[in-house]
Amino acid sequence: MKSIVPFISMLPKADIDEWLKVLKKKLPKERIVKFSSLKKSDYKKIDVAIVANPNPTEVKKLINLKWVQSVWAGVEKLVESFKGEKVKIIRLVDPEMNRTMAEAVLSWVLYLHRDMHFYRIQQNKRIWKENDYIKPSKKIVSFIGLGELGSASAVKLIKNGFNVCGWSRGKKNISKVKSFTGKLGLKKMLKQTDILVCLIPLTKQTKYLLNYKTLSYLKRGASIINFARGAIINVKDLVRHLNSGKIKHAVLDVFEQEPLPKASILWKHKNVTVLPHISAHTNMETASDIFYKNIRMYRLKNRIPKSVDKVRGY
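Quick note on numbering: the sequence shown equals residues 0 to 313 in numbering that gives the first Met the number 0.
Hints in this document: simulated from the structure, not taken from any laboratory. Among the hints, erroneous ones may be present.
Restraint ranges, calculated between C-beta atoms of paired labels, are given here [as the list claims (entries may be wrong)]:
1) Lys-182 / Lys-245: 19 to 27 Å
2) Lys-245 / Lys-12: 39 to 47 Å
3) Tyr-211 / Lys-39: 51 to 59 Å
4) Lys-12 / Lys-60: 17 to 25 Å
5) Ser-174 / Arg-113: 22 to 30 Å
Okay, derived cross-link-like pairs now, DSS-like style, lysine-lysine, Cα gap no bigger than 30 Å in a straight line [claimed, not checked]:
6) Lys-1 / Lys-24
7) Lys-59 / Lys-43
8) Lys-1 / Lys-25
9) Lys-1 / Lys-44
10) Lys-87 / Lys-12
11) Lys-43 / Lys-305
12) Lys-87 / Lys-43
13) Lys-20 / Lys-39
14) Lys-300 / Lys-20
15) Lys-269 / Lys-292
16) Lys-59 / Lys-85
17) Lys-235 / Lys-245
18) Lys-44 / Lys-87
19) Lys-305 / Lys-87
20) Lys-138 / Lys-175
21) Lys-76 / Lys-23
22) Lys-245 / Lys-182
23) Lys-292 / Lys-38
24) Lys-171 / Lys-128
25) Lys-186 / Lys-269
26) Lys-60 / Lys-25
27) Lys-24 / Lys-76
28) Lys-171 / Lys-186
29) Lys-87 / Lys-24
30) Lys-305 / Lys-177
31) Lys-177 / Lys-138
32) Lys-300 / Lys-60
33) Lys-20 / Lys-267
34) Lys-245 / Lys-212
35) Lys-23 / Lys-60
36) Lys-305 / Lys-25
37) Lys-300 / Lys-269
38) Lys-177 / Lys-187
39) Lys-87 / Lys-25
40) Lys-261 / Lys-203
Each residue gets a CB set at the ideal place from its N, CA and C atoms; glycine is no exception.
Go ahead and model the full structure; you've got the sequences and the hints to work with.
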């Protein structure tokens, strides 16, 4: 008899249906169902669930649940939902997502490096003027966060000729990446940064990590890319630095409120590029392959995949 694995989500119905279709195809040895299809007698039989923005009330009904597999890399909401509970959280670690993120980082670093934002403004004013070309080897791109996504992106930039630095909780050993840690390390790194890329998880420690003070450490004329979470940056402080010219441009793909409210000043700011959270989508096919491997390992060896440290938040 197949074991029940519910897909618990508050996504739009069309998205849930698409996930169910792919999961059923990729996990044939499991009985994949949406939560509303469960009987009350099923609740105690379930020890693993796949989740995408789940309803906490539904999850709590599964009294024997041991672990949940997130369909996303970011899990700050799950960490908050499962605070104080024994249920383990498994975040998505997918090489395809790493590749997609690295592709996005390279694209937007090149956008900033080649002054595309500058030429866009010029076009609106019908100005024909070229900037001097600067080699990638003359630029320093720094990462806040060198996890799976950050490391893959850093390697991509190195292959394209950029100098790369990275700041993280612990020292990282990535070829040709200069590693920084701690408050002093962050300050030292930012002072030499031309383009800053944010790919750090959102935790109590990293919320508003980039505020007026820390942003002031950046070189004058530096640019920022935020592909992490909106609350990593204090937007009001960022705008102050953009207005003063301290920060040249910001590419923002994530916001504290999404969709970004129409009244936000960011929409019309000439030195801001707004993206609708598109840097690295979850690929349902490759993600489901990961889920299959994780759940089969659990079924066969009673081994739960590497889980999130709920204290650290990632």
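So, going through the hints one by one against the coordinates:
no.: 1; hint: Lys-182 / Lys-245: 19 to 27 Å; result: holds (20 Å)
no.: 2; hint: Lys-245 / Lys-12: 39 to 47 Å; result: holds (46 Å)
no.: 3; hint: Tyr-211 / Lys-39: 51 to 59 Å; result: holds (53 Å)
no.: 4; hint: Lys-12 / Lys-60: 17 to 25 Å; result: holds (21 Å)
no.: 5; hint: Ser-174 / Arg-113: 22 to 30 Å; result: holds (26 Å)
no.: 6; hint: Lys-1 / Lys-24; result: holds (14 Å)
no.: 7; hint: Lys-59 / Lys-43; result: holds (11 Å)
no.: 8; hint: Lys-1 / Lys-25; result: holds (14 Å)
no.: 9; hint: Lys-1 / Lys-44; result: holds (11 Å)
no.: 10; hint: Lys-87 / Lys-12; result: holds (26 Å)
no.: 11; hint: Lys-43 / Lys-305; result: holds (24 Å)
no.: 12; hint: Lys-87 / Lys-43; result: holds (17 Å)
no.: 13; hint: Lys-20 / Lys-39; result: holds (24 Å)
no.: 14; hint: Lys-300 / Lys-20; result: holds (27 Å)
no.: 15; hint: Lys-269 / Lys-292; result: violated (46 Å)
no.: 16; hint: Lys-59 / Lys-85; result: holds (12 Å)
no.: 17; hint: Lys-235 / Lys-245; result: holds (14 Å)
no.: 18; hint: Lys-44 / Lys-87; result: holds (17 Å)
no.: 19; hint: Lys-305 / Lys-87; result: holds (9 Å)
no.: 20; hint: Lys-138 / Lys-175; result: holds (14 Å)
no.: 21; hint: Lys-76 / Lys-23; result: holds (26 Å)
no.: 22; hint: Lys-245 / Lys-182; result: holds (21 Å)
no.: 23; hint: Lys-292 / Lys-38; result: holds (27 Å)
no.: 24; hint: Lys-171 / Lys-128; result: violated (42 Å)
no.: 25; hint: Lys-186 / Lys-269; result: holds (27 Å)
no.: 26; hint: Lys-60 / Lys-25; result: holds (26 Å)
no.: 27; hint: Lys-24 / Lys-76; result: holds (28 Å)
no.: 28; hint: Lys-171 / Lys-186; result: holds (17 Å)
no.: 29; hint: Lys-87 / Lys-24; result: holds (25 Å)
no.: 30; hint: Lys-305 / Lys-177; result: holds (27 Å)
no.: 31; hint: Lys-177 / Lys-138; result: holds (14 Å)
no.: 32; hint: Lys-300 / Lys-60; result: holds (26 Å)
no.: 33; hint: Lys-20 / Lys-267; result: violated (40 Å)
no.: 34; hint: Lys-245 / Lys-212; result: holds (12 Å)
no.: 35; hint: Lys-23 / Lys-60; result: holds (23 Å)
no.: 36; hint: Lys-305 / Lys-25; result: holds (21 Å)
no.: 37; hint: Lys-300 / Lys-269; result: violated (55 Å)
no.: 38; hint: Lys-177 / Lys-187; result: holds (11 Å)
no.: 39; hint: Lys-87 / Lys-25; result: holds (23 Å)
no.: 40; hint: Lys-261 / Lys-203; result: holds (28 Å)
In terms of the numbered hints stated before, the structure departs from hints 15, 24, 33 and 37, listed from lowest to highest.
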